[in-house]
Amino acid sequence: MTDIGYTEKVMDHFMNPRNVGVIEDPDGYGKVGNPTCGDVMEIFINIADNKITEIKFRTFGCGSAIATSSMITEMAIGKTLEEAMEITRNDVAESLDGLPPKKMHCSNLAADALQEAVKDYWKKQGKVVEDDGDSPEMTCGGGGCDSCVK
Amino acid sequence: MDNSKIYMDRGSATPIDSRVLEFAYPFLKTAGNPSALHRQGLEAKTAIEDARQKVMELINAEKPASIIFTSGATESNNIAIRGTAMRNIGRGKHVMGSAIEHMSVLNPLKDLTKSGFTMDLIPVDSTGIVDMNKLEEMISQETIVLSIMHANNEIGTIQPIKEISKIVHEKGLYLHVDATASAGKVPIDVQDMGIDLLTLSSNDLGGPQGAGALYIKTGTRIQTVMPGGGQERGLRSGSENIFAIAGMGEAARLAKEELPVESERLKEIRDQLIHEILKNEKTFLTGHPENRLPHHASFRFSFIEGESILLMMDFQGVQISTGSACSSKTLEASHVLLATGLTHEQAHGSMVLTLGHENKPEDVKVVADATKKTIDRLRMLSPITQEGEEYPEEEHHH
Chain A
1 MTDIGYTEKV MDHFMNPRNV GVIEDPDGYG KVGNPTCGDV MEIFINIADN
51 KITEIKFRTF GCGSAIATSS MITEMAIGKT LEEAMEITRN DVAESLDGLP
101 PKKMHCSNLA ADALQEAVKD YWKKQGKVVE DDGDSPEMTC GGGGCDSCVK
Chain B
1001 MDNSKIYMDR GSATPIDSRV LEFAYPFLKT AGNPSALHRQ GLEAKTAIED
1051 ARQKVMELIN AEKPASIIFT SGATESNNIA IRGTAMRNIG RGKHVMGSAI
1101 EHMSVLNPLK DLTKSGFTMD LIPVDSTGIV DMNKLEEMIS QETIVLSIMH
1151 ANNEIGTIQP IKEISKIVHE KGLYLHVDAT ASAGKVPIDV QDMGIDLLTL
1201 SSNDLGGPQG AGALYIKTGT RIQTVMPGGG QERGLRSGSE NIFAIAGMGE
1251 AARLAKEELP VESERLKEIR DQLIHEILKN EKTFLTGHPE NRLPHHASFR
1301 FSFIEGESIL LMMDFQGVQI STGSACSSKT LEASHVLLAT GLTHEQAHGS
1351 MVLTLGHENK PEDVKVVADA TKKTIDRLRM LSPITQEGEE YPEEEHHH
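Residue numbers (my numbering), protein chains in the order written: chain A, 1 to 150; chain B, 1001 to 1398.
Mixed in with the good hints, there may be bad ones.
Claimed, not checked - Calculated pairs, SDA-like style, for lysine to any residue (alpha carbon to alpha carbon, straight line, at most 25 Å):
1. 1005(B) to 102(A)
2. 1373(B) to 11(A)
3. 56(A) to 1005(B)
4. 102(A) to 1372(B)
5. 31(A) to 1379(B)
6. 9(A) to 1316(B)
7. 9(A) to 1383(B)
8. 1372(B) to 125(A)
Said to hold, decoys possible - Sample of chain A residues with no beta-carbon within 10 Å of chain B, all distances over it, derived:
9. 6
10. 36
11. 39
12. 42
13. 48
14. 58
15. 59
16. 87
17. 97
18. 125
19. 126
In short, the hints are calculated from the structure, not lab data. We put the CB at the ideal spot given by N, CA and C, even for glycine.
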């Protein structure tokens, strides 16, 4: 079904997104994407005892961009930071019963946004965070999502 | 949610008119090859010639033989462009279009460059009207054909065809006009407008899918792009789709008859829609404010994305279209919106409404309310609150 359209779960998270909003002065903040490409996501987290106790997001983008953001907030809450760092793009897509193939690459950045938020928290704690070379902002080839290279 | 759905996406697919279906249905049931001499063959032939007459009348062509039937607008555009370019190759190897043509014009033009042709696309202004100075500049001794759409499907803008025709014919090339989006919505007179080749689509007139037509002015030098059994003056071989062609003819007849009243009616509903929707903040009309198709309204909204707009409108029972990259097959931003000077970011947040017979004045409030709700919800979700604020312009273009 994912070749044709969105799953029921995607539509549910799109129409009723969970944990929308902003945390003032959050413990961690991550932002990925670029409006030129059509997707921008930001995730705010609060931490207690190394666990994510509160999480909020805001997203500009298509149906899957909004649904994956909403989904990951549900997946991450209550998790330790190490566990949160291990959530992959595929995990998010699977939790939504799949995404259309062309959306897997461009509108599935929620895991990246969460990782940025965790890294932001660690940096603030003075922890040395290894740089994996990923830039939190995508660059865009100017041809829409397809040409966005993360 | 309201279970009465409102369809405002006729530009993508038009429901077949029930009168057309009733008229053409017998031809689905009875097989007849117009090339055969027995009675069923003659009936099929008569149906096609009747349709040819009706299409001729819709666009005021000089004679029925100036119309050939095809499988649709894409095929008509291919025959018009490739057929004239290849037939007149001895005169030159240059072809032209506008920057906002449909893919079924842009890609045949581009394809000709593989056969040694050069191609130029004329830029448009922010309202989508072609730049007349550039048009004149770009035409050379080598130019064989210029392809310009009568009206654009995404932004509704109507081109000044008569003016363009004057320039084109002073320079001695052919003018091909793709009238897929405009036929049946605004009057077309190929003789008065000075058109050499004109593309029509059956479905966009309210006829069945699977038929189209190409008007070819008498004396135009053109060759086939698909040799075969020699049907349609040898320009479009293959057994005719009698049902679709008969339906197209009837749709053309109804369109001609009803156009003056129906386009006024739709224009009134459309104007109300524009008035209501533009009340939203950071909301802009795309295309030309006056020179636009009477049934067409197109917008862009800052800070939100078109596929999300489409899904949320659909959820509220309103079916619309968007030029957003994220809802397209290629995930590429609309070349039409970019050509009018919008940034990629701005082109993402577009919505296109195309109205038809089934739309009523009561639809305005429902659609305007759904639009407002959609914009408010998506903006509440959006981290972007100011255009280009956090992302300097130079990052937008590589």
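| Taking 10 Å as the cut and beta carbons as the points, is residue 59(A) off the interface with chain B? | violated, 6 Å
| query | Is it the case that residue 87(A) keeps its Cβ farther than 10 Å from each residue Cβ in chain B? | reply | Consistent with the label, residue 87(A) stays out of reach of chain B, its closest Cβ about 20 Å off (over 10 Å).
| Does the alpha-carbon distance linking residue 31(A) and residue 1379(B) stay inside the 25 Å limit? | holds, 17 Å
| request: Mind checking the alpha carbons of residue 9(A) and residue 1383(B) for me, to see if they're no more than 25 Å apart? | output: holds, 23 Å
| message | residue 1005(B) and residue 102(A) were given as a pair; does the straight-line alpha-carbon distance stay at or below 25 Å? | response | Judged against 25 Å, a Cα distance of about 29 Å means the pair is violated.
| Interface-negative label, residue 36(A) against chain B, beta-carbon threshold 10 Å | Violated, because the least Cβ-Cβ distance between residue 36(A) and chain B comes to about 4 Å, which does not exceed 10 Å.
| said: According to the definition I'm using, a residue is off the interface if its beta carbon is farther than 10 Å from all beta carbons of the partner; does residue 48(A) meet that for chain B? | reply: holds, 25 Å
| query | For residue 97(A), is the shortest beta carbon distance to chain B beyond 10 Å? | reply | Consistent with the label, residue 97(A) stays out of reach of chain B, its closest Cβ about 17 Å off (over 10 Å).
| task | Please work out if residue 1372(B) and residue 125(A) have their alpha carbons no farther apart than 25 Å. | result | violated, 43 Å
| query | residue 42(A): least C-beta distance to chain B exceeds 10 Å? | reply | violated, 5 Å
| said: Check whether the Cα positions of residue 102(A) and residue 1372(B) lie no farther apart than 25 Å. | reply: Violated, because 29 Å separates the two Cα atoms, which is more than 25 Å.
| Closest CB of chain B to the CB of residue 125(A) still more than 10 Å away | holds, 25 Å
The structure shown violates the earlier hints numbered 1, 3, 4, 8, 9, 10, 11, 12, 14 and 15.
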